[in-house]
Every structure is written in C-alpha cells, then in structure tokens.
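All chains, full assembly: derive it from the sequences and hints.
Chains as they are written, first to last, in my numbering: chain A, 1 to 223; chain B, 1 to 482.
Source of the hints: derived by calculation from the structure; they are not laboratory data. Do not rely on the hints blindly, as some may be mistaken.
Stated by the list, open to error - Calculated lysine to aspartate or glutamate pairs in the EDC-like style (CA-CA distance at most 20 Å, straight line): (1) A:Lys90 with B:Glu250; (2) B:Lys264 with A:Glu108; (3) B:Lys264 with A:Asp105; (4) A:Lys141 with A:Asp203; (5) B:Lys271 with A:Asp105; (6) A:Lys14 with B:Asp293; (7) B:Lys253 with A:Asp87; (8) B:Lys271 with A:Glu108; (9) B:Lys280 with A:Asp105; (10) B:Lys280 with A:Glu24; (11) A:Lys14 with B:Glu285; (12) A:Lys10 with B:Asp293; (13) B:Lys280 with A:Glu108.
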Amino acid sequence: MRVLIIEDEKRLAKNIAQVLIEHEGYAVDLSFDGIDGLHMAKSNSYDLIILDLRLPGMHGLDILKAIRTQKNTTPVLILTACGTPSDVIKGLDCGSDDYLTKPFDMGEFVARCKALIRRSYGKANPRITIGPLVIDTVARKVTLNGNHIILSPMEYHTLEYLALRAGQVVSKEELLEHLYDFNWERFSNVIEVYISMLRKKIDPQKKYNIIKTLRGQGYLVEG
Amino acid sequence: MKLRSLKARIGVCIAILMLIVVAILSGIAYHEFKEGLWKNMDLTLQSDLQQVKGLLFSAQGSEMEKKQELTDLLNAQATFGSFDYQIWFEDHISGQTEMYITSDLYHAYTQHSASAPVLEKSVLLDLNYNNQSYRAIWARYAMPHNRSIPGQTVNIALAISSHYAFHEVGEFVRVLLIAGAIVIWAAWGLTQQILRWGLKPLHSLAEQMSHITESDLATINPSCPDVHLELVSFVTSWKDMLARLAKAMEEQKRFISDAAHELKTPIALMKSTLQLAQIKKRDTEYYENTIADALEDVDRLHNLVNQLLELSRIESPTSITRREWIHLNNVIEDVIEYHKPLLDEKGFVLKPDLCPADLYGSREQLQCLFNNLIDNAIKYAPPKTTISIAMKTDDNSVTIIVHDEGGNIPQEECGLLFERFYRISKARDRNSGGSGLGLAIAKEIVLQHGGQIHVESNHTIGTRFIVSLPKNTRNQETRNAD
Chain A
1 MRVLIIEDEK RLAKNIAQVL IEHEGYAVDL SFDGIDGLHM AKSNSYDLII LDLRLPGMHG
61 LDILKAIRTQ KNTTPVLILT ACGTPSDVIK GLDCGSDDYL TKPFDMGEFV ARCKALIRRS
121 YGKANPRITI GPLVIDTVAR KVTLNGNHII LSPMEYHTLE YLALRAGQVV SKEELLEHLY
181 DFNWERFSNV IEVYISMLRK KIDPQKKYNI IKTLRGQGYL VEG
Chain B
1 MKLRSLKARI GVCIAILMLI VVAILSGIAY HEFKEGLWKN MDLTLQSDLQ QVKGLLFSAQ
61 GSEMEKKQEL TDLLNAQATF GSFDYQIWFE DHISGQTEMY ITSDLYHAYT QHSASAPVLE
121 KSVLLDLNYN NQSYRAIWAR YAMPHNRSIP GQTVNIALAI SSHYAFHEVG EFVRVLLIAG
181 AIVIWAAWGL TQQILRWGLK PLHSLAEQMS HITESDLATI NPSCPDVHLE LVSFVTSWKD
241 MLARLAKAME EQKRFISDAA HELKTPIALM KSTLQLAQIK KRDTEYYENT IADALEDVDR
301 LHNLVNQLLE LSRIESPTSI TRREWIHLNN VIEDVIEYHK PLLDEKGFVL KPDLCPADLY
361 GSREQLQCLF NNLIDNAIKY APPKTTISIA MKTDDNSVTI IVHDEGGNIP QEECGLLFER
421 FYRISKARDR NSGGSGLGLA IAKEIVLQHG GQIHVESNHT IGTRFIVSLP KNTRNQETRN
481 AD
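So this is what it looks like as structure tokens:
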C-alpha cells in the first residue's frame, strides 16, 4: 500500500511515516507543504492520503477539494490539531473519509489507516477469503486450508493487494505503483519474481491456480 | 442604593402636582360659592329689614294687625329655613329695654313723629343659638325727638337660619372632593399608562436580551419595530455594544483555538515520538535520539506557554509594570550581549549604531521587545549575513530600526505579521522554533508605550522593523490611565 503524508511538521511526518513503514510495511511519500503535496497527490496513485490542515502554501481543505474535483477517490484522513466539532464536520463535508485530531494514539492512527484502505477496496471484513486461501489483514497471516503459510513482507503485500482487488485485472505497473514509494528504482521484473515466489509458497502443487496471469494485461485473483 | 419604581415616582409627583392644583382651584371655588351664598342671604335680610321697617313705621293698622302682618311676611320669607325676628325699644332715659311694641308707645310714636327714624347702625353677623347657626341683621334706628317720647331707639334684629347654606356648602365641598379625587386618580392612571407605553420598547429589548447567550451573540439582531425617537440612540448603542462584544468574543475564540492548536502540535509530536520508541525494542542510540527530541518538544511547549503568559501579562489592564526613566541604548546593548553566543554560532554579524536616549517605560518590557526583534532576525534572515540596529533620537521620540537581509516578506503580509500566531506562508517552517507570538508581543509592548511599529521588506533593502517610541511621559501616563 502506498501512502502520501502531507504535513508541515517534519518530525511528525517522519514519525508517522516510520510507524506505517515499520508496522504495516507501506510505501510512504512525504510532502512538507501544500502546493507540493497537491502536486504529488495528483501525479501518483495512492491508497491513502494523510492530510494536515494548516499547511504553508495551501490550506489542507483546498487540497482536498482540488483532489475531489478531479474525481480522485483515494481515501483521505485529516490529521490536525483543529478538533472542534465544526472543524470535523467541515473536514468530512469537504470529502475526507476520516478525521483524527492531534495529539493522537499511534495504534489508533494505524488501525484507522488500515480500515480506510480496506474500505476503499470494498472490503468490510479484515479477513479476506479467496477459495481455500484466507488472508488475515490484522495479524498479517495467510492460511491455506487452515495451514499457516510464511511469507516475506513484500510477498505478503503483493498478495494482499491482489486479494483486495480480487476479481479485477491488476497490471504490473499498478502493483509497482502501490507497493513502492517515490524513491524506489522501478524494475517490473521484481514483481514477476515476487509472484512466482508467492505461487510456490501458497500453492506448491499447483492445485488451485489462485493467481492467474493474463498475458500482456497483468494478474487476476478470482474473488 | 434603594430601588425605586420610576412609575411610582412620576405617579406620585404628578398626583401631588394635581393635588395642589385641585386644592387651589377648589379653594377658590369654595370661597366664591360661600361668598355668593352669604351675599344672597344678606340681600334677603336687608330687603326683609326694609319691609319690616316699612311695616313698623307705617301709620296704618293696629298693633295686632301689624304683628300678624309681620309674622306672615317673615313666614313667607322662610324658604331658606327658619326665620326669626326681634324688635325692641331702648329707653335712653330709664335705661329700660322694652320688648315688643306697646300700644301706647307705638301710637305715640306714629301719631307724633314729624320725620322718619334715622338708621344709626346696621350690622350683619353670624349667630349661634340653640346649636343652630343663623345669619342675622341688626339695625338700630334713632327715633326723632319730640316732647312726649324722649330719645328712644328702635332695634330690629332679623335672623335667618344658615343651616341650608351650610348644607349647600357641605354639598359643594363633597362634590369638590369627589371631583378632585377623580382628577388625581385619572392623572395617576394616565401617567402609569403613558409610562408603560413609553417603556414598552425597553421591555421588549430586555426580553430579547435575556435570551442572548454567548454562543448566539454574533447572530443576534434585536428588532425594535416601534421604538420612540428618544430611545433610538440607546437601542443603537446597545446594538453596537452587542456587535463589539461579538467581535471581541470571536477574537478571543480564535486566539484560544490558535493557542490550542499551537500547544497541541508539540504534544502530538512528543507523543508520536515516544510511542514510536515504545512500539518495539530499539537500540540505545534510538532511545537517546528520542529523549533529545522529546526534550526539544518540551522546550518548545515551555517557550510557548511563557510567551502566552507574557502576552496576557502585557495586555492585562491591571498589569503592574514598574515604569522608570531608563537609558534605552543600555537596554539594547544588554539584549545584544545576551544574543551574542547565538549570533556567533549562526555566523551573523551584528552592527549596532546606538546613541544615548532616555525614555520613561518598563525596562523588562523593552528588553522583551528587542529580544523578540533580534530573535526574529536570527530566525528568518539567511545565516552569515549582517543584522544592524540603528537608533535615531529627536526631542519627542526615539526611532530604532532593526534591519536584516531577509527581505522575503510579501507586501500584502507585512501588516499581518503582528497578528498572533501568524507566520508568513513561505517561512512557516516550525523547525525555526518560532511560536508565532514574538511579533505580537512586540507590537503590544510598543502600543503600551504609546509608540508605533511597522515593517518594510523587499529583496533590495532586506527586512526593516521600524519602532518609534515617544519620550513624552505624559502620553504614557494617560495611556496607562485609560
């Protein structure tokens, strides 16, 4: 999952980036001012945007409106010190999906981020079931017919993303975009490597064919 | 103070006024009425006297007939009530008084008298007899002299009961009292009604005022449809006051919300830093960095709280700041000395150009003012440049210019710079450590000293903060007194 954090308090931005990377293994991009943040939100596709309101250059709500007028449906979590009910209502009415006031609890923050991403892919249950495969997105555990499968973080993220978008064809470029941050050197064969590793681990006998390859289009997991 | 009803007071005043007017008018009316009645009785008595006299002194008729006639005459007159008479002779020689006319005397008189009797005296008087009051006339006639009847006098007294007149007067007084009471009562009632009508808009305002709370102060628009001309200025100033209150409340709210925002930010930072360290086991270096970061946040909070307190202290009208004559150049030198280490660390060159100037003011506040200005220059000017402090003085004021080579403040933001928690958009980098209150405090101090502060900034001249402070103590005293 790839997250954009627009927050002018640099240390706070780095702290929440760190917790998202360490805890969830997300790819995180940082922006410290409004104009740059809006540009990044427009030019990349993110799974979640964390937005401060009082930003230099451009107010957070203006960024939000600009994103929403572009028909961008990326979930947005407003993270701000302005916590009066009218502020919260204004924020949600401008098109944000959640509102968290500073100071906040890191655990709660991460849980909200996960819920927002899950919801944005139309999944209510944190356990995603694909035939015999069950992915527990909270404990980040994968089981096949009840047997625990040990995956590397990148393998897990690839599988989770494909599972969240079950029923849709996901291209290699999309996978790259959603699993790696801005600074990553992008080689699409990285994805091929992870997919083949995944297939070996979850279905060594090639009985279920969970991850299908559609030549020239991408990968498909049947829901 | 004892509360008294305006209605009652005005009512009582009007009632007393009406009472006096009614009393005077009634007094005049009573007097005239009584006078008229008495005059009427007197006229009756006088005309009766003439008749009695005519009858008495006429030559015709016997004594009995005359008595009868007299009785008839007087009975006919007794319309006002009982009527009585008495006629008697006085013999000056014997000193005897004869009641009633004796036949002899009468004849002697009527036969021999050559001329008419002369009226000696006539008196009108009020009598009280047997608990009855009378109006009476007493006439004394001197009989003409002749031989057979030596100097004699005839007295005629007629009395008419004044009971009826008194009754009439009593009736009149009753009518006057009732009318007076009605007039006073009507005046009281009318006054109350007029006052009630006059005060109605005030009641409606009071009713509206009682519903105003702090939250709807800004939205309230009191309506007074039929306000009287005399109350227009009151209603207008009341509305103005509401608007001013709403504005002040709004400013206060904004300040509190800004302050809360600024306080929450370092707390959020500290909390996130500490939680991050707690999430999993880290190495010693990580913990050391975390502690350093958290301490930095605590310092920032401390600084912010201090500045908030400073601001409220300066602003408070009851603040007691000791004012004295101070050498302003010495104050600025002290401040420069204090900043020396930081200036050296960042590679700034500070060029002071001071001249001696004395000023009446608060040493502590003026130190704070220049501290904040130099702090500001250090924060926002590019490192390793020159900061200069120039000072000019004339008879009335001292001007101090703090100049740095920053010059990145947009023209339209120059005025906003002194607003609380305002940071110009480009420089709004929290890592500079500013609380956003320094310049607001500076402005407040300058205002407290009766001076002015403004800023000029562009790329060619850099940024210049110009402070001018008056030397005149009287201005400051009056400002303090305000």
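Subject >> Distance restraint between B:Lys264 and A:Glu108, which requires alpha-carbon spacing of 20 Å or less >> reply: With a Cα-Cα distance of about 17 Å, the restraint between B:Lys264 and A:Glu108 holds, given a limit of 20 Å.
Original post:
Within 20 Å, alpha carbon to alpha carbon, are B:Lys280 and A:Asp105?
Top reply: 15 Å, holds
Original post:
Is B:Lys280 within 20 Å of A:Glu108, Cα to Cα?
Top reply: 16 Å, holds
Original post:
Does B:Asp293 lie within 20 Å of A:Lys10 when you go C-alpha to C-alpha?
Top reply: 12 Å, holds
Subject >> Distance restraint between B:Lys271 and A:Asp105, which requires alpha-carbon spacing of 20 Å or less >> reply: 8 Å, holds
**OP:** For the pair we were handed, A:Lys90 and B:Glu250, check the Cα-Cα distance against 20 Å.
**Re:** With a Cα-Cα distance of about 18 Å, the restraint between A:Lys90 and B:Glu250 holds, given a limit of 20 Å.
Original post:
A:Lys14 and B:Glu285: Cα distance at most 20 Å?
Top reply: Measuring from Cα to Cα gives roughly 17 Å; hence the hint holds.
Original post:
Would the pair B:Lys280 and A:Glu24 pass a check requiring their Cα atoms to be no farther apart than 20 Å?
Top reply: Holds - the C-alpha atoms of A:Glu24 and B:Lys280 are around 13 Å apart, at most 20 Å.
Original post:
Given the hinted pair B:Lys264 and A:Asp105, is their alpha-carbon gap at most 20 Å?
Top reply: 13 Å, holds
Subject >> Restraint status (C-alpha distance of B:Lys253 to A:Asp87 at most 20 Å) >> reply: 14 Å, holds
**OP:** Measure nothing beyond the straight line between the CA atoms of A:Lys14 and B:Asp293; if it is 20 Å or shorter, mark the hint as holding.
**Re:** 12 Å, holds
Subject >> Proposed proximity, A:Asp203 with A:Lys141 (alpha carbon, max 20 Å) >> reply: Measuring from Cα to Cα gives roughly 16 Å; hence the hint holds.
Violation of the numbered hints given earlier is absent; every hint is satisfied by the structure.
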